[in-house]
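Order-wise, the sequence lines are chains A and B. Anchor point for the first sequence: position 11 equals 116 in this note's numbering, and the numbering is continuous, going up by one each time. Anchor point for the second sequence: position 321 equals 331 in this note's numbering, and the numbering is continuous, going up by one each time.
By construction, these hints were calculated from the structure, which means they are not laboratory data. Where hints are given, some of them may not hold.
List of simulated lysine-lysine pairs, DSS-like, C-alpha gap at most 30 Å [stated by the list, open to error]: (1) B/Lys493 to A/Lys137; (2) B/Lys407 to A/Lys137; (3) A/Lys126 to B/Lys466; (4) A/Lys125 to B/Lys493.
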Amino acid sequence: MEDQEILSQLNTIIGGVLRKKDLVLTPETTAKDVPGWDSLTHMIIIDSIEKHFKVRFKLNEIMNFKNVGDTVTCIKGKEVK
Amino acid sequence: MNFLNKITSVFNTYAERNAFCIQNKFYSYTDLLALTASIQTTINSRCPGEQNIGIVIKDDIETYASILAIFFSGKTYIPIHPTYPPERTDQIIEQAGIKFLLSKTDDTSYLGATLIATGYSSDQKNSDIALASFPFEKTNAYILFTSGSTGVPKGVPITYHNLDSFVTAFSALAYEIDCNDRFLQMFELTFDLSVMSYLIPLCHGACVYTIPDSGMKFTNIYNVLSTHKITFALMVPSVLANLRPYFEEIDLPDMRYSLFCGEALYKDVVVEWLRCVPNAVVENVYGPTEATIFCLTYKIEDAATIIEYNGIVTIGTPMQGMEAIVVDDAHQELPDGEKGELCLYGNQLTPGYLNAEKTKDAFFELNGKRYYRTGDITFRNEDGNFIYCGRVDHQVKIQGFRIELSEIEFHLRAITGSSNVVALAVNAPNGMMQITAVFEGEESDTEPTLEALKTKVPPYMIPAAVHFVATFPLNTSGKTDRKALQKMIA
């Protein structure tokens, strides 16, 4: 899957969890940039992403997600080749 | 020796050891003493006659030194959260009669209160700290504000006697703590579990490791636990719920004491956690803010012997100086095995709320003893352990935060002008509890309503989900049937 396609799907998932239909994510977007994306909703978002992409993140990977682009790269790295 | 004498002794004995690690920067007891003395001097010159002093809480050494400076001066601190809605902060300032606020930076304005800057300088050499003489019984050490069902936060004063009784009762638990211990401090200072997390280590010359304000709390907590090889951690069970999918990756052999408080602790999760902390004593502790931090404890030995009810681990037995009973609606004590309201009596009990009316509702006398009604439904088993069964009201705990659902409903009704709205605590897809607002009627845009709510209540009280139901189900009394509603949105 291309980065842009993963980003688009993340947009839908995260927008759904945060109830923000007009959310526009870029690779540089951080949680701090999005109102409502806080500690309380973060783990729900991670859980939703894992279920959608059928992937499993390691705790160390989640700790290193600095922005949406990091998440895209991590998901891509887990794709079945 | 009271807790302030203990800290004085620690300042002398462990001067060069680390007292705090904040955002990866270490501060020795000498640093802490110098800053505390400096702030105490400032307090004495700027507001010598003031009893209640606010602190704009941040994750910095100045905040903790301000608390100590207030303690050593025999005054009372009230934590003010800089990101909570100004309206709520103003209510707290007004209720507590705060005229002065300590803050590292004076970049915020608060209702009628004067900000006093508390800068830190590594050149600070003034260490003439003075322990004031004042009556422990009657003087408040801090006042914390909890969610109030009528839309106004409720002030809970805790005296120096209450706090010292907690420290004494904690010592009686016989945990082997010394200056080599590393304590986790994961709580906002508006939450009284923070008090144990900084005060107990400071009484032993140990080091306090705080969690950064920024970033994601649960990953930050794990980062501090693993990086700094934390030996003592008091956490809310939500931390476990969030870390549970990753337990296989977690190994914390340095952890010696792992305590949980603030929410129901589930047996299945904590049993798995035991494998992550193979060398730790694991305990479930319990207590409302009104009874100073916690006052019942239960040691978890292994999966086979855990006492539980509906999957929830028992809250155990009272600590030294505290008593617990279960009463019926007429405030009469019930025999073992019968469910009723858990009531507490003893040295850790607050003298009463700032609002006298609230005090009248929550306290009663029985056999010459003054009891606090916790609102928790429990029964005592044959071993003397208290078993938690639920609440008598609509108070819930989300991530350890105490929330009156009726307070959220109060504000939502005021904002929308409609009475047809209910706040519920429901399970999120990942098993965590979250607040859900349910509106009666056709679906509409609730964003403006939730935005308005953010100006009234702290972030943790904002509903994470919204549902619409055409007509609310009613119970036989004609009231909204909350249980039926919960099923409808499941």
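The hints, checked one at a time:
no. : hint                 : in the structure
1   : B/Lys493 to A/Lys137 : violated, 36 Å
2   : B/Lys407 to A/Lys137 : holds, 25 Å
3   : A/Lys126 to B/Lys466 : holds, 25 Å
4   : A/Lys125 to B/Lys493 : holds, 28 Å
The structure is inconsistent with hint 1 alone, although it conforms to all the rest.
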